[in-house]
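Heads up: the protein sequence lines correspond to chains A and B, in order. Numbering-wise (the numbering used here), the first sequence opens with residue 39 and increments by one. Numbering-wise (the numbering used here), the second sequence opens with residue 8 and increments by one.
What the hints contain is simulated information worked out from the structure, not anything from laboratory work. Note that the coordinates shown come from a computational prediction; the quantities given were computed from them, not determined experimentally. Each hint should be verified, as a subset may be incorrect.
What the hints assert, rightly or not - Coverage of chain B stretches by chain A, computed from C-beta distances (three or more under 8 Å per stretch; other residues unrestricted):
(1) 28-38
(2) 107-118
(3) 124-138
(4) 142-151
By construction, the Cβ of each residue, glycine as well, lies at the ideal position given by its N, Cα and C atoms.
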Amino acid sequence: MAPVDVNALSGTVGYALIFAAIGFGFGSVLEMAGFGDTRKLAAQFYLSEMTVLKVMFTAIVVAAVLLTLASGLGLLDMSRVFVNPTFLPSEILGGLIMGVGFVLGGFCPGTSLVAAATLKVDGMLFVLGGLVGVFLFGESVGSFEPFWLSANLGRFTLPEWLGLSTGLTVLLVVLMALAAFAAAEALERRFGPARPGAQGRPRLAWAGAGALLAASLLLAFRGDPSPDQRWRWLPAAAHQEVTDRAVFASPAEVVALRKDTALRVEVLDLRGEHDFNLFHVGGARRVAPADLVRPAALRRFLDEPPSTITFLTDNGERLALEAWKALRSLGVANVYVLEGGMNRWLELYPVPDCVATREPPLGDDALGYRFAFATGDRLPSAWPELPRSRAFQFPCGGLASRGGEGGEFRWPDHPYKRTVKPKVRSVVKGGCG
Amino acid sequence: MVPTSAPRPYLNPYLAGALLGVVLFLAFFITGGGLGASGALSHIQAGVEKWFAPGHVDRVAYLADMAGGQRNSWDNSGVYMLVGTLLGGLASGLVNRRTRLEIRKGPRVSNGARLALAFAGGVIMAYGARMARGCTSGQALSGGAVLSVGSWAFMFAVFGGGYAVAWFLRRLWT
């Protein structure tokens with residue numbers, strides 16, 4: 039699935055050629071739009087010619103519709119697409135500064151390159167000024183770094199902000215763009231020079247607007263693809279991982295990783311509150327499966343460094359595997375399913391008989407133990423990686439029989455097959471990053 | 008009647024915008040990242056600065072991130088894209104007979120003033136672009152298409168800043 043992992047090509051000629059080809063398309067279209075001419079750009083701010091707004095907004099909505107379509111058809115993995123992180127204070131201040139620079143200099147960085155390439159001397163001077171500007175920023179950013187780095191909202195998108203589906207948000211953006219185009223045409227008629235017959239082919243423009251509207255209506259109406267659909271679109275390799283049980287980690291492996299201070303191991307418990315209170319893995323958080331894939335939780339997963347390993351657990355494996363598939367299809371890496379769930383955990387690290395007794399589970403997602411009372415994570419079984427300590431509860435002297443009071447007791451080292459391999463997500467930074 | 012050296016007219020803005028949208032989509036689809044220009048400028052600047060003051064580049068976190076130690080500031084996707092942008096602009100300019108050594112400016116401005124202001128504008132624009140972590144292409148276009156909240160705020164700020172000073176600077180352009 040797209041995008042290609044271009045970072046793997048880094049340092050090769052192919053890598054350079056891919057980006058040069060994209061740049062070639064970018065530069066030639068900017069030139070064809072007339073953006074090598076500073077007067078066409080500056081006119082935007084004097085309402086006589088709204089070319090900048092028309093070109094920019096058309097490009098944004100066309101790209102947004104195509105991206106959402108490609109993602110909705112399972113052709114593009116949006117989680118691997120770079121989304122500019124949101125830092126409102128520095129972005130708004132930087133934008134205001136750029137607005138002033140735009141009117142003074144008559145270009146923005148991309149368009150000045152095109153102007154310089156077509157031998158406009160003012161464009162060349164602007165590019166030179168740009169090199170000085172980035173130099174000044176590099177030398178001065180140290181003095182206001184706290185401001186520059188403040189309020190990092192990370193990958194924060196409009197659908198998340200508005201609480202709408204991506205399709206509906208794209209529809210709203212298209213409608214806004216079409217309204218802006220109508221306003222731009224009206225302003226040009228009012229403030230622009232008279233251009234009899236210069237309207238070009240309005241029928242083509244109407245057709246384009248109609249196509250955009252139809253595509254975005256379709257996207258909004260269809261809604262975003264369900265996790266189930268996304269899972270089916272994943273390449274066979276992902277499905278094979280489940281068949282090969284490469285996504286299931288033994289409780290013994292979880293215990294071993296919890297001893298590794300270089301890793302952060304998180305256990306997410308997908309069971310109901312009742313079972314969770316009876317017994318859970320030490321430090322586990324209880325999360326409802328539906329909350330896992332909500333935008334805020336998902337963003338946390340995607341921003342997580344590869345040293346964080348997350349395990350999903352259930353009484354058995356069914357719920358956890360479903361949740362794993364949903365996360366995997368949204369591009370989350372470094373998540374595993376606890377093999378055999380809590381029932382298997384309690385088998386390997388049993389609680390004393392006076393606390394719970396085994397009984398055949400009523401279903402594949404039911405707890406296979408009858409607890410006399412709720413223990414949470416206060417029993418040593420919840421923390422097999424820790425040496426025994428007085429902080430634990432020792433009900434009914436149950437553990438005395440397993441090794442005496444002297445702290446000699448250790449859980450057996452259960453053998454396990456290593457499945458956890460921390461993976462680094464490769465994400466390309468935008469050209470301006 | 009029409010001399011062969013006359014520049015061809017520009018593309019209809021909506022058609023140009025649609026083409027730009029397709030290029031932007033392809034950039035995301037192939038590489039996972041959008042378009043950009045100002046990031047390349049800072050990589051070039053950091054690369055040049057490293058020739059003269061490598062120790063200084065290593066000490067400033069912002070520069071070291073691009074060119075510190077063994078890092079090669081020139082081997083950067085944005086720099087390749089910048090080369091492509093220049094070539095693309097030149098090619099289109101040649102084909103459409105618009106490549107010509109000249110200065111474009113408002114009707115009431117002298118050549119010297121235009122060049123000085125273009126340079127000053129470049130300084131301010133690039134400073135703002137680094138402040139905002141992206142320019143009109145990397146933030147407004149690319150971030151706008153992937154619906155980043157910050158990019159949309161940035162876009163409105165650019166237009167806001169421009170319109171706020173446009174009236175005072177009207178002698179430059181009208």
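For each hint, the structure was consulted:
Given a C-beta distance limit of less than 8 Å, the hint that chain A covers the region 28-38 of chain B holds, as 11 residues qualify and 3 suffice. Taking a C-beta to C-beta cut-off of 8 Å, the region 107-118 of chain B contributes 7 residues in contact with chain A, enough for the three needed, and the coverage statement holds. With a threshold of 8 Å between beta carbons, the proposed coverage of the region 124-138 of chain B by chain A holds, since 15 of its residues qualify and at least three are required. For the region 142-151 of chain B, the stated coverage by chain A is satisfied: 10 residues place a CB nearer than 8 Å to a CB of that chain, which reaches the threshold of 3.
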